[in-house]
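Colleague: Following the hints, position chain B against chain A.
Here are the chains, one letter per residue:
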Amino acid sequence: MTLRRTWTIFARTMRLGPRSPFFWWALVLPVLFTFLVQGVFGDLFAPAPTLAIVDLGNSEVAAGAEALDGIEVSRVDDVETLTTAVEAHDFDAGLILRDGFDEALRAGTRPLLELYVAGESLASNRVVLAVTTLDLIRTVEGSTPPIDVSVVSLGEEAATITARTLPLIAMMAVAVAGAFVPAANLVQEKEDQTMNAVLVTPATIGDFFAAKALMGVVLAIATGVMTLALNNAFGSQPLALTLVIVVAAIMMAELGLLLGSWAPDQNAMFAAWKTGAILIIFPVIFYLFPTLPQWIAQLGPTYYFLNPLFELAIGGATFSDVIGTLLVALAVCVALLPVVVWSARRLEQRMASV
Amino acid sequence: MSRRKIIGAIITKDLVAFTRDRFFVAMTVLAIVFYIVFFWVLPSSVDETIEIGVTGPIESLFLGDFGGDNGVAMTGYANRADLMGAVEDGSEVVAGLAFPESFFDDVATGKRATVEVIVGTGLPPEIEQALTGMVGEIAFALAGSPLPVEQLDPQQVVLGVDRTGDQIPLREQMRPLLAVLVLLVESLALAALVAEEIRAKTVQAVLVTPARLTDFLASKAIMGTLLAFSQVVLIMAAIRALDPNPALLLTAALLGSIMVTGIGLIAGSSGGDFMQVLFIGMAFLIPLMIPALAVLFPGSAATWVQIIPSYPLSTIIVDVSSFGAGWADVAGRLVLLAGWCLALLAIGVEILRRKVQTI
Numbered sequence: 010m011t012l013r014r015t016w017t018i019f020a021r022t023m024r025l026g027p028r029s030p031f032f033w034w035a036l037v038l039p040v041l042f043t044f045l046v047q048g049v050f051g052d053l054f055a056p057a058p059t060l061a062i063v064d065l066g067n068s069e070v071a072a073g074a075e076a077l078d079g080i081e082v083s084r085v086d087d088v089e090t091l092t093t094a095v096e097a098h099d100f101d102a103g104l105i106l107r108d109g110f111d112e113a114l115r116a117g118t119r120p121l122l123e124l125y126v127a128g129e130s131l132a133s134n135r136v137v138l139a140v141t142t143l144d145l146i147r148t149v150e151g152s153t154p155p156i157d158v159s160v161v162s163l164g165e166e167a168a169t170i171t172a173r174t175l176p177l178i179a180m181m182a183v184a185v186a187g188a189f190v191p192a193a194n195l196v197q198e199k200e201d202q203t204m205n206a207v208l209v210t211p212a213t214i215g216d217f218f219a220a221k222a223l224m225g226v227v228l229a230i231a232t233g234v235m236t237l238a239l240n241n242a243f244g245s246q247p248l249a250l251t252l253v254i255v256v257a258a259i260m261m262a263e264l265g266l267l268l269g270s271w272a273p274d275q276n277a278m279f280a281a282w283k284t285g286a287i288l289i290i291f292p293v294i295f296y297l298f299p300t301l302p303q304w305i306a307q308l309g310p311t312y313y314f315l316n317p318l319f320e321l322a323i324g325g326a327t328f329s330d331v332i333g334t335l336l337v338a339l340a341v342c343v344a345l346l347p348v349v350v351w352s353a354r355r356l357e358q359r360m361a362s363v
Numbered sequence: 027m028s029r030r031k032i033i034g035a036i037i038t039k040d041l042v043a044f045t046r047d048r049f050f051v052a053m054t055v056l057a058i059v060f061y062i063v064f065f066w067v068l069p070s071s072v073d074e075t076i077e078i079g080v081t082g083p084i085e086s087l088f089l090g091d092f093g094g095d096n097g098v099a100m101t102g103y104a105n106r107a108d109l110m111g112a113v114e115d116g117s118e119v120v121a122g123l124a125f126p127e128s129f130f131d132d133v134a135t136g137k138r139a140t141v142e143v144i145v146g147t148g149l150p151p152e153i154e155q156a157l158t159g160m161v162g163e164i165a166f167a168l169a170g171s172p173l174p175v176e177q178l179d180p181q182q183v184v185l186g187v188d189r190t191g192d193q194i195p196l197r198e199q200m201r202p203l204l205a206v207l208v209l210l211v212e213s214l215a216l217a218a219l220v221a222e223e224i225r226a227k228t229v230q231a232v233l234v235t236p237a238r239l240t241d242f243l244a245s246k247a248i249m250g251t252l253l254a255f256s257q258v259v260l261i262m263a264a265i266r267a268l269d270p271n272p273a274l275l276l277t278a279a280l281l282g283s284i285m286v287t288g289i290g291l292i293a294g295s296s297g298g299d300f301m302q303v304l305f306i307g308m309a310f311l312i313p314l315m316i317p318a319l320a321v322l323f324p325g326s327a328a329t330w331v332q333i334i335p336s337y338p339l340s341t342i343i344v345d346v347s348s349f350g351a352g353w354a355d356v357a358g359r360l361v362l363l364a365g366w367c368l369a370l371l372a373i374g375v376e377i378l379r380r381k382v383q384t385i
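The listed protein sequences derive, respectively, from chains A and B. The first sequence begins at 10 in the numbering used here and counts up one residue at a time. The second sequence begins at 27 in the numbering used here and counts up one residue at a time.
The shape of chain A in the complex, shown without the other chains (with noise of 0.2 Å):
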């Protein structure tokens, strides 16, 4: 095996990927995930209460009602179209304020308060539109209760369902560039006999192999540090995320030559991933519902990357913090290189057999 030849074959392989449409799905796979995944998802986990209004009198309740945190306010041109849309809950509360509101109650003359809800909110939802509503309320009418309110928190502030989403997006990212696109590239080479071709020439099996990890790495290490500048998580750490990355990257490359030189054909290649992907996926299913018991996330070996790389974008700790963690992910990368020189050999006597 030499450096030169296996960087003819990357090269070869780097020039001729783009005419993949895999190749180019890789790259674009983290665009779609990260705004799928936090645009969509994010709303199904974690609905915020969603509030309508239609404001005929320029209201201070309106004003105070879009400046709250945490509850998504529309508003509406007219009754008819905020009454339809509650009943059809696309929102889960309507507030009508009337022209003359406001004056009203500094008034004291208690105007009629038109909040409708749809039937199919939450009753969560309700209650603290309803709340928040007559708070709001109050504060337009100039009246303070007659109590001091003061919040204490416990705690460190926990992980946001759209945060904990990144660690999905990461693996689908550096899964897919990592190991699907080599292992497909692995594959169709084999396929199309073009791996005979090369093997006749001086490069050996394992010039050949280096040379799908190195795209595979390469690749991965594109889209995962993509993933997380789109996702606004290198935060304070981006060397300590870039080398979680490579380990990573490594890691699904070497899955990535596993499978396709296990794989006999396309075909089998892509059932085989359809259903032993879950295998190194999900851990993060545990990223996404905490209450789960995370000791069994510990048992897939993408944890020991996947951990890392939540702990550092969000989690706020330092490369000290996670090193222990990663270098299991390394030893992991270890302990799989000479099982993937072992399939590199067996392909090659099995070739060579035909």
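Just so you know, not all the hints are guaranteed correct.
[Said to hold, decoys possible] Selected chain B positions facing chain A (Cβ under 10 Å, derived; list incomplete):
1) Gly97
2) Ile144
3) Gly159
4) Pro172
5) Gly325
Since the hints were derived computationally from the structure, they do not count as laboratory data. All of these numbers come straight from a predicted model, not from anything done at the bench. Note that CB positions come from ideal geometry on N, CA and C, so glycine has one too.
Modeller: Relative to chain A, chain B alone:
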């Protein structure tokens, strides 16, 4: 030889080809098992209650009114330390209200008492705001200060069917997603089969027999529909999506199967290798997944989502299996779905016909 026998023979050949790859079949079965397990481990109920701990003299006043039916459930604690411990633990309550022992006297005499709102880890800001407002309203009420507004008649407040305590859990909302996913993945299997026939030119071998091109096309359409329909019925039965109205849901599933068969024929007509077929199939699969995802969210879907062919199928499954809709309720959408089926199948058959003629 009758046309029916010829078509039957081609379908048999295709089924043999499909099942010959035992690994692929095993993985397909495993994937279906995985979908079913995934469905049954999802939450079967919706938690729509905010659990709050309370300590202080006001505790007894609260507990009767807040049993959880109105969105808030309150639990009494002996003292502030116990309440703090419970909030920190987070398994029973997410926040706490600690009223001072002198609360009633203070409010009655106009002295400003301080009430603590104890906030647990990760409590959403809107709940913290609401609790602060709630404490203020309690004090206003005890001080004899009425609400500054008139309230609507409670009968008028709720628009639409009131589902408090009877919300549709995520598990039930997932039914169309799983059904559509199985249908779409199955369309890829048909696409791969068709592409292989074109690539290996076995279609030419078939056409030198008494079989006509129309027999070949009909067999592919029937084979694809059978494959998709059998799998979607299997998964719908396993996730108990058929129970409320089997005839209606089977009709919808059959129309959905015909629709994805059309897509499978379009993707397979490329005659490329498996990866190319997969990539073309993804171009259909991703947009068709959107309506199935959209029904997971409250409210009406955007207009552009409603014109996607899988939208009527997704909403029919939800409305029939979760809301008890009948034939009359979904008739319009069934017609729309049937229209999409015919259109996509016709396009798929035509593209495949042209492709076969150019070989």
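Colleague: Which numbered hints are broken by the structure, listed smallest first?
Modeller: Violated hints: none at all, because every hint is consistent with the structure.
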